[in-house]
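Q: One letter stands for each residue in the lines below.
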Amino acid sequence: MVNAWIVASIVAVVAGVVGFFVVLRGAAFVAHAIPNGAFAGAAGAVLVGVDTIVGLGVFSLLGALTIGVLGRRGRSDAVTALTLVTMLGLGALFLSVSSEYEPAVYSLLFGEVLGISPSELAPTAALAGVCVLVVALLYRPLMLSSVLAEVGEARGIGRWRMELAFLAVVALATTMTVPVVGTLLIFSLMIGAPAAARSFTDRPQRALALSVALALVTVWAAIALSYTTNYPIGFFVGASAAALYAIGRGWAAVRRARRAPPAGARAARHEAHPPERHTILT
Amino acid sequence: MSHFLAPVFEVGFFESDAVRTAVIVGAAVAVVAGALGVFTVMRGQSFAAEAFGDIGTSGGSGAFLIGAAPLVGFLVFGVLAAGAMELVGIQRARGRDLATGIALGAALGLAALFMYLDSTIHNTTGVVVTILFGSIFEIAGSTIPLVAALAAAVVAVLLVIHRPLLLSTVSPEIAGARGVPVRIVGATYLLALAAAVALCALTIGSILSTALLIGPAAAALRATRRPGRAVLLAAALGVAAMWLGIVLAYDSYYWPPRGNGWPVSFFVVTIVFVVYLLSGVPAWRERRRAHAATARRAFADDRGTPHRATAG
Numbered sequence: 001m002v003n004a005w006i007v008a009s010i011v012a013v014v015a016g017v018v019g020f021f022v023v024l025r026g027a028a029f030v031a032h033a034i035p036n037g038a039f040a041g042a043a044g045a046v047l048v049g050v051d052t053i054v055g056l057g058v059f060s061l062l063g064a065l066t067i068g069v070l071g072r073r074g075r076s077d078a079v080t081a082l083t084l085v086t087m088l089g090l091g092a093l094f095l096s097v098s099s100e101y102e103p104a105v106y107s108l109l110f111g112e113v114l115g116i117s118p119s120e121l122a123p124t125a126a127l128a129g130v131c132v133l134v135v136a137l138l139y140r141p142l143m144l145s146s147v148l149a150e151v152g153e154a155r156g157i158g159r160w161r162m163e164l165a166f167l168a169v170v171a172l173a174t175t176m177t178v179p180v181v182g183t184l185l186i187f188s189l190m191i192g193a194p195a196a197a198r199s200f201t202d203r204p205q206r207a208l209a210l211s212v213a214l215a216l217v218t219v220w221a222a223i224a225l226s227y228t229t230n231y232p233i234g235f236f237v238g239a240s241a242a243a244l245y246a247i248g249r250g251w252a253a254v255r256r257a258r259r260a261p262p263a264g265a266r267a268a269r270h271e272a273h274p275p276e277r278h279t280i281l282t
Numbered sequence: 283m284s285h286f287l288a289p290v291f292e293v294g295f296f297e298s299d300a301v302r303t304a305v306i307v308g309a310a311v312a313v314v315a316g317a318l319g320v321f322t323v324m325r326g327q328s329f330a331a332e333a334f335g336d337i338g339t340s341g342g343s344g345a346f347l348i349g350a351a352p353l354v355g356f357l358v359f360g361v362l363a364a365g366a367m368e369l370v371g372i373q374r375a376r377g378r379d380l381a382t383g384i385a386l387g388a389a390l391g392l393a394a395l396f397m398y399l400d401s402t403i404h405n406t407t408g409v410v411v412t413i414l415f416g417s418i419f420e421i422a423g424s425t426i427p428l429v430a431a432l433a434a435a436v437v438a439v440l441l442v443i444h445r446p447l448l449l450s451t452v453s454p455e456i457a458g459a460r461g462v463p464v465r466i467v468g469a470t471y472l473l474a475l476a477a478a479v480a481l482c483a484l485t486i487g488s489i490l491s492t493a494l495l496i497g498p499a500a501a502a503l504r505a506t507r508r509p510g511r512a513v514l515l516a517a518a519l520g521v522a523a524m525w526l527g528i529v530l531a532y533d534s535y536y537w538p539p540r541g542n543g544w545p546v547s548f549f550v551v552t553i554v555f556v557v558y559l560l561s562g563v564p565a566w567r568e569r570r571r572a573h574a575a576t577a578r579r580a581f582a583d584d585r586g587t588p589h590r591a592t593a594g
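Which chain is which? The protein sequence lines are A and B, in order.
Mapping the first sequence onto the numbering used here, position 217 (from 1) lands on 217, and the numbers just tick up by one.
Here the numbering used here runs 282 ahead of the position in the second sequence, where the first position is 1.
To be clear, the hints were calculated from the coordinates, so they are not data collected in a lab.
It should be emphasised that the depicted structure is a prediction, and the values quoted were computed from it without experimental measurement.
Even glycine gets a Cβ: it sits at the ideal position worked out from N, Cα and C.
Please note: incorrect hints may appear among the correct ones.
Said to hold, decoys possible - Just so you have them, the derived chain A footprint on chain B, three or more residues with Cβ under 8 Å:
no.	segment
1	327 to 341
2	383 to 392
3	550 to 558
Can you make the complete structure from the sequences, with help from the hints?
A: Quick look at the structure:
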């Protein structure tokens, strides 16, 4: 139980951090596709007899690369969908060849937080550390590129390079979280808490901190509820993600309404905070 | 004839009822998916198409729980989700993807709950794999009329709204100015998509549903700029991929490991993916030719003049 608590907290921190950029970039589809497709890697790993985490890592990275490379020229959402179904098709093949995999499928989709062994703690924590470190190193360029891609490009932050880096981070987060909490749960965590956080505040750092905090609260509440009611944890995470998002949207709507008359207020605010001046690099 | 084609079609292909059903249903589904897919790809709503498949999973497991037909569960959940997405109704693609993601997350949470209840009440989790990976060889012949009716309904809706839908896809502003009810048209399209995905996911599984909706349409839109032609091409590509996949899957029963066929979904998805990659080849060659021409010109201009790399 204590293990579950620790691991789930680690996962929540990673989901809060990575999810913040997922929401900022509007990359919900990618956050759904990479974990879901990587599941085929787990099936393949079982087939050839290597550790699940290796299969997950290889497939999530391959998926991220495919999306990045093909998405550069094509429509990125169509490319994401095609990459996802191709990986799932491979997963169907692996499953059909190895016949005794069904319970494992269920646990990979929905996770088994409550059944975590102490030996899984160290690798999860290490990967989480790497993931957060990478995001910390990339924070400024990734932030600028996500919000104002054109300005970023003018300052030498390649849009495509940042997209690839971001996809790699999602792949890394997938590799560490899926064995623990399952593909479906990590998706809800990466979307719900950060989306709510974003509608609660306008400041990036505060939104990031809030996103992590909300993800932690969601996971803790879900574990407690799942423990007492015996219902699956994924249900509570999914429901609370949707509820958080609804509350966030409601909050934003109330705040907008309170700022009436909107046009004048917005103009006044704009004057108080003139847009950032860009230093011209020569 | 069978003499020449013996290496292609293994013994008993044309005699099998399961294969006949699969060929008919597969073609019908591929045509509907191709037509609807062109609009889905143009509107950038691939995520919604994929999400409806997964959302249907919760509908299917919920229906299993209360003993209703899976199609009812798929449709009810699809319609509810379409309503939720439309209600959030953000027009920008970024916010729309987020709304789709939230609806998907909530539905998957429900799916987890329903499957847990299924496994405690009915003592089986087999329904998970069946719904996710569905098998076209396991369709009962009796479902053909139902599938045909639903497919016809979707195509009819599409025929009615295709002009305003196309306009409001390409330019919502112009459509609005011309009096097209953009939002209603969009909602109608979303409902048609939900119904189509329910149809596809139930007959061929949710993986193939997404593959057939997005793949042929994306490839067709790279090959032609005309929507009408793209619809025809997408439908044709979808049917071809489906049939080729069925033939290969049938033949694969005779491949190693013997007696254990490879899944249809694997073949169809792979074919679709390759077709999409091939559809990018002309544009890629065009770009290469353009690069080469630019380089040649610059090389000619550069003759005799010293380096000017750092100028500007």
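Q: So which of the earlier hints does this model not fit?
A: none
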